[in-house]
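Trainee: All chains should be built: construct the whole structure from the sequences, respecting the hints.
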Amino acid sequence: MGSPNFDVQYLAELARIGITPEEIQTFQVQLANVLEHVGKLKEVELAEVEPTAHSIPIYNVFREDVPTGSLERGLALSNAPRQGQNLFLVTKVVE
Amino acid sequence: MKSDYIGTIGLEVHVQLRTRTKMFCGCAVEFGGEPNIHICPVCLGLPGALPVMNLEALKMTALTGLILNCQIAPICNFDRKNYFYPDMPKNYQISQYDLPLCLAGEVPLHNLAYPKDAQRNIRNPGKRVHLVRIHLEEDVAKSFHFESSTGIDFNRAGTPLMEIVSEPEIESPEEAFAYLTSLRQALVYAGVSDADMEKGQLRCDCNVSVRRSSEKKFGTKIELKNLNSISGVRRALAFEIDRQIEVIEQGGTLQQETRRWDDDLGQTVLMRIKESAHDYRYFPDPDLLPVQTEIFMDEVRGRVPELPWEKRERFMKQYGISEYDAGVLADDTALAAYFESAAAGARRPKTIANYVLNDLLSALGTTGESIADCKIPTKYFRQLADFVEEGKISGKQAKEVFSAMFLSGKDPASIIEEKGLRQESDLDALEQLCRQVIEANAKSVEDFKAGKGAAINFLKGQVMKLSKGKANPNLINGILTKLLG
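Residue numbers (the working numbering), protein chains in the order written: chain A, 211 to 305; chain B, 656 to 1140.
Take these hints with a grain of salt, some might be off.
Rough simulated footprint, nothing fancy, chain B against chain A, three-plus residues with beta-carbon under 8 Å [unchecked claim]: (1) 257-269; (2) 294-303.
With a straight-line cut-off of 30 Å between C-alpha atoms, the simulated DSSO-like cross-links for lysine-lysine are [unchecked claim]: (3) B/K736 <-> A/K252; (4) B/K736 <-> A/K250; (5) A/K302 <-> B/K854.
Please keep in mind that the hints were generated in silico from the structure rather than gathered at the bench. Built from N, CA and C at the ideal position, the CB exists for glycine as well.
Mentor: Okay, structure coming up:
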């Protein structure tokens, strides 16, 4: 079963994921099922419920503007596949 | 701009906030240092790391909102803006989408905020440019492009960045210049940013279109990037508006695109064509909880400073100085504070303003120093101006004293003493000098009596010469007139 509500090919492009035509077929059906399941929420009566900006009723979690230290550079860079001149090196990108 | 065309400009301004630490982690904010020394699991986007908001950055943004007359949202929230670029290791930037901290607001364009050559011909005096919103987000890393790779320094990644979005209400490059100048000044006054465009502390993207004045519909919007100074913005917009009009006049069509300003070539160059609207798949960041702004707004309201336009008004009223002088003083908070300290209790504050704006600024300009380097205590400045007002020294002598004071930081009384500069203001002594001159210059006296008013200037010059420049010129005129009358 397909859904006209979304375009799997477009979603894959946005997420930078390469998928085959067969996978598109599979995901179209699977994602439609997921949406249908989540769609049950539409049945809930919400007229009396105030909208919230988050799923849990907690607000205002802050930190003070005080430096707490950073990673030692060598350690931070040790995780990088490529490094040079104390920079993280990646495939050349030019906008 | 051709008169039958209308330019439409909207500006997006990004401002680096002057916090000590990053937006969502405790790494220090420091620019221009060794690469990758202020990084941690949060700003590197390592799995499992959780962001926590910097309260000070929220307060600074709210303060900016207050001084620009914005509505402060009762609740604001952070969202993820998804995109793929190595300057953001999480593959999303934390920003604010549908619940920004500040809404609406305005930036007043003061006459002196316009470029100097455009101040005589301001099309919309007193204009206020309305804002869409101000929101808070995190800055991205700095990229360095090499021959075959790109290097990333994450020191800047995650530092707080405030985005101020204007309505498309700016009509000319000169208005854009005035908008940025006024905005920058307000930010510096509020102490939220140093807002130096050349240092990247204030960055500006322009959206610009043109249309024939007979058309209602906006023309095709083109985005300009790589603008590194306020005057560069003006030049880029002037070029781009002319270019767009030229294309339309030639019967061509414009396409939505992003162009890069090349300040050396003095032209905009195509960067990329906008094929489709970006889909950033914004959604609320589940790692961050919403903010109820009211809990810190009392403190923020207490931080609202006197604003540049308020200071200008007050200076004019309180010290009796011109709008122009008040504008130049208010331009620089340090200079304004110096002036106020010197003017406190002075006989004539306007004299102080003259010395500060002319002699002091030009002396600082010559040595390449700033007002912070000035060796002259403000009370010496006041003493110097008072000596002039009291007639103890002449304006010309005051300049000499000023130069010595500027170099040595010594007090004016000692300098006057050392140089023997006292001005003669004793009426009897001056009358004596005048009598001598009148006796020695019978011809000029005759001329004067015959109605040649200018002859008195010659006599006055002779008195000055006789006194070796020490006679008080303001008194001589009266004495001569009396003696010749």
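Trainee: Hint by hint, note whether the structure agrees.
Mentor: Hint-by-hint comparison with the structure:
1. Counting residues of the stretch 257-269 of chain A whose beta-carbon sits less than 8 Å from any beta-carbon of chain B gives 7, enough to reach three: the coverage restraint holds.
2. Counting residues of the stretch 294-303 of chain A whose beta-carbon sits less than 8 Å from any beta-carbon of chain B gives 10, enough to reach three: the coverage restraint holds.
3. Pair hint B/K736 plus A/K252 holds up; C-alpha atoms about 26 Å apart against a cutoff of 30 Å.
4. A distance of roughly 27 Å separates the Cα atoms of B/K736 and A/K250; the hinted pair therefore holds under the 30 Å criterion.
5. Our distance criterion of 30 Å between C-alpha atoms is met by A/K302 and B/K854, whose separation comes to about 25 Å.
Checked against the numbered hints listed earlier, the structure breaks none of them; every hint is satisfied.
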